[in-house]
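**Q** Spelled out, the chains give:
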Amino acid sequence: MYVIEAKNLNKIYRARIKEEGIGGSFRALLKPTYKEVHAVHDISFSVKQGEILAFIGPNGAGKSTTIKMLTGILHPTSGEISVLGLNPVAERQKLSYRIGTVFGQKSQLWFHLPPTDSFALLGAIYDIDKAILNKRVKEITELFELGDLLKTPVRKLSLGQRIRCEVAASLLHAPDILFLDEPTIGLDVVVKQSIRELILRMNREQGTTIFLTSHDTGDVEQVCRRAIIIDQGRIILDQPVKKLKYDYLNRKIIAVRFDMPRHLDVPEGVKLEKEGKTAARLSVDTRIRPIDDVMRWLIAQGGVADITVSDPPMEEIISAIFKSSGGVES
Amino acid sequence: MKSLGKIFRLIGLYFKVNLASAMEYRSSFLLQAFGIALSNASFVFFWWIAFEQIGGRIGGYDFRDVMFIWALTSSAFGASNILFGNMNGITRLIVSGELDTFLLQPKDVLVSLLCARTSLSAWGDLVYGFVLMALTHSSDGMAWIMFLGGTIVGGLLMTAISVTAHTFTFYFGDASLIGDMALEFIINFCIYPQGIYHGFVRALMFTLIPASFIVHVPLKLARSFDIMWLLIMLGASILYCTLAYWFFYRGLKKYESGNLIITRM
Amino acid sequence: MKALRKYFTVFRISLENAFVYRSNILGGLLFYSLFIFVFFNLWRAIYQEGQVSGYSLTQIVWYLCITELIGFGSRSNIFHQMNDDVKSGSIAYQLNRPYKYVIYQFFNALGVMVFNFLICGVLAIILGLVMVGPIPGFRFTTLPFALISVILGIIMNFFILMTLGLTAFRLEENIAFYLIYQKLVFMLGMFIPVEFLPLWLQNIAKWLPFSYVTWAPARLVVAFSWDLFWTVVPIQILWVFVAIILSMMMYGYGIKGIQAHGG
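Residue numbers (this note's numbering), protein chains in the order written: chain A, 1 to 330; chain B, 331 to 595; chain C, 596 to 858.
Calculated from the structure, these hints are not laboratory results.
Among the hints, a few may not be true.
Stated by the list, open to error - Straight-line alpha carbon distances no greater than 20 Å define the calculated DMTMM-like cross-link-like pairs of lysine to aspartate or glutamate that follow: (1) Lys192/A to Glu221/A; (2) Lys243/A to Glu316/A; (3) Lys106/A to Glu586/B; (4) Lys583/B to Glu91/A; (5) Lys252/A to Asp188/A; (6) Lys601/C to Glu611/C; (7) Lys583/B to Glu80/A; (8) Lys346/B to Asp129/A; (9) Lys336/B to Glu91/A; (10) Lys156/A to Glu354/B; (11) Lys94/A to Glu80/A; (12) Lys94/A to Glu586/B; (13) Lys346/B to Asp127/A; (14) Lys584/B to Glu36/A; (15) Lys35/A to Asp504/B; (16) Lys550/B to Asp470/B; (17) Lys583/B to Glu36/A; (18) Lys252/A to Asp265/A; (19) Lys243/A to Glu51/A; (20) Lys106/A to Asp438/B; (21) Lys106/A to Glu428/B; (22) Lys94/A to Asp438/B; (23) Lys151/A to Glu354/B; (24) Lys336/B to Asp127/A; (25) Lys584/B to Glu91/A; (26) Lys106/A to Asp188/A; (27) Lys271/A to Asp293/A; (28) Lys35/A to Glu586/B; (29) Lys135/A to Asp148/A; (30) Lys336/B to Asp129/A.
Based on the provided sequences and hints, a complete structural model is requested.
**A** Written as structure tokens, this is what we have:
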């Protein structure tokens with residue numbers, strides 16, 4: 001059973017162009033000039049109940065526009081959307097009772113109050129019965145291990161704790177689908193990891209369908225089972241994460257710095273991308289050589305002063321997809 | 331009617347949370363409220379001096395009349411900013427995209443948006459009006475009725491004007507200046523006798539800047555009740571609120587169609 | 596001379612910067628016009644009832660144009676900026692810079708103040724001429740002397756506000772000072788000429804700084820007399836010095852606290 005279906009979705013912004021200066025503002029008022037931006041280009045996809053889908057792509061690819069159309073904030077220029085059998089354009093209010101949203105840095109929590117107070121307000125906004133709300137809050141508190149956090153004013157919470165409460169707030173009305181727009185943006189590794197675990201647990205124990213946008217490949221690898229990659233408003237890939245991982249997310253980037261000049265003879269599966277006197281940038285094919293192998297080898301070289309391991313940026317993955325599909329990158 | 335009841339419930343809900351939030355900063359809250367009341371008091375000083383110099387009436391109003399319009403302006407402004415603390419920040423909410431949060435909730439967007447914040451210092455304005463009334467109209471029943479009713483109606487009118495002005499953001503981009511201007515104009519035309527203006531400006535006060543419906547008509551009613559004027563005042567208020575509501579939702583459609591983004595060339 | 600260059604540079608930059616905020620400029624002009632228009636109507640109504648001691652309607656309208664001009668011309672946000680700098684602790688970063696903080700801040704704000712003063716000044720002249728016409732008996736030869744007093748008023752206002760802002764070193768909630776100061780300036784000159792006050796209050800006002808911010812300069816513009824000039828300008832200069840010294844002391848005192856306790 002599909003819970004989200006999108007067919008031939010298009011979004012064209014007609015942006016008003018404003019020239020610099022007061023004169024420009026005035027001219028724009030009298031005779032506005034427009035520029036068309038094709039943000040989402042004829043995309044179609046569907047999501048099954050209970051799925052965890054990653055909607056990924058670089059900044060400005062059309063991810064946020066799509067998620068806004070699915071939740072009813074933006075109306076599509078053309079195409080059809082059905083979310084839980086509802087049309088987000090005409091039935092946004094009805095839909096809102098059944099979906100939850102965590103939008104980047106936009107908070108649903110009241111800064112000066114403990115989350116319980118915000119929960120009570122949200123409970124009322126979503127017309128949740130008091131008894132049911134209490135039960136639900138208890139459930140989520142246990143699931144997310146919130147404990148005393150609920151009694152602490154939000155301003156005193158750490159960023160990670162705050163996001164955990166934020167996700168909890170979006171789940172009070174037991175939504176069927178949870179939309180997360182860049183949930184881990186700006187978080188440190190530890191917090192990122194705990195948010196990812198949270199999302200997984202929620203999906204497992206509550207059966208919530210997850211629709212997640214991100215430009216962090218880590219989110220995709222660790223959380224999602226299926227990924228849609230979007231670039232310049234078009235879907236360029238729609239496949240299981242397992243396959244994506246094997247085909248494209250198979251590299252790690254290692255930046256290493258030594259405390260004295262050194263020359264590296266790299267083993268198979270490792271490529272030397274850049275070499276300086278005391279530093280180097282390596283690209284590791286993890287299919288051939290696991291990352292801990294490479295680390296051991298590096299340490300064995302002696303005199304390592306600093307190591308950073310990172311994923312290749314999204315842009316690189318996308319150009320790899322284009323190359324392998326024989327498409328021409330525009 | 332049923333939907334109006336729902337809106338009142340929503341306002342009540344937000345009010346409770348806002349109050350709890352204000353209580354987190356009790357001392358700052360009291361100090362701000364006190365500071366505002368004190369700063370309003372300086373206007374009483376001005377009027378006291380002016381009437382000392384002249385005696386009698388200014389612009390057709392005596393000292394008590396002026397105190398009445400001052401009390402009403404202050405309390406109406408206070409009430410509207412306590413309940414609808416976001417009324418001055420609508421442009422910011424639209425431009426920053428915070429509006430989305432309210433679009434995703436199943437309740438009335440405009441009402442949730444307005445109520446999601448309160449102003450601490452506004453309590454000072456609200457209380458100040460009551461103190462002024464107690465000092466100058468202690469046992470004048472009709473004046474109190476008009477003051478209390480006017481606080482609600484006037485507060486709604488101020489909110490309606492502010493909403494309308496800020497809503498221009500949906501149509502032309504950042505309208506924070508228009509928003510600030512609208513409120514500043516309203517207040518400045520509220521706190522002086524109607525009689526000091528003539529002709530065109532007087533007409534403005536019954537139309538574009540409906541200050542007269544907020545304070546001057548209630549004063550007239552308090553001094554000599556006239557059912558006609560009461561109906562005109564109530565009708566005008568309903569009209570302004572309805573227009574503001576309609577204008578906002580019309581603008582919101584533009585937001586939903588995503589044609590707001592203003593790029594600089 | 597070379598030591599002054601940095602202050603002049605920051606002044607120049609802040610002046611250029613002031614041109615950027617177009618909507619602020621427009622807003623300032625509109626609000627200024629609104630206040631003058633409302634007061635003009637109010638005083639016209641008052642004068643229909645009778646004569647007020649010492650000022651004709653023309654004089655009082657011009658008087659308000661000038662006091663509001665001083666108000667707008669010294670609109671510099673300095674109080675809030677000091678307040679924020681102290682509370683956020685960013686003032687500590689300024690410690691190791693090779694300039695006098697207080698003086699630097701003055702020149703930094705001066706750009707905005709000069710800008711506001713000039714554009715509102717032009718507007719003030721236009722509004723005054725349109726509403727009530729020229730001041731009877733006005734002489735251009737004495738205007739420069741009156742302007743000295745105007746400038747002194749603005750400087751005085753700036754440093755008093757700065758001192759009040761710097762009280763944040765000791766007091767968490769110092770906004771009340773700001774409001775009270777503003778209202779005192781407002782009541783003892785900006786809104787009502789001191790001559791209108793009851794005699795006992797006039798006597799008190801003479802010994803306080805507030806009237807010298809707006810009343811003295813505005814009075815000199817609308818009804819210049821050498822007697823008045825030689826009475827008020829020395830007092831203004833005195834208050835300017837007191838305010839500068841107070842703000843420097845306040846700053847030095849606060850900084851000592853930071854150095855001793857690490858903020």
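**Q** Could you tell me which of the hints above the structure violates, numbers in ascending order?
**A** none
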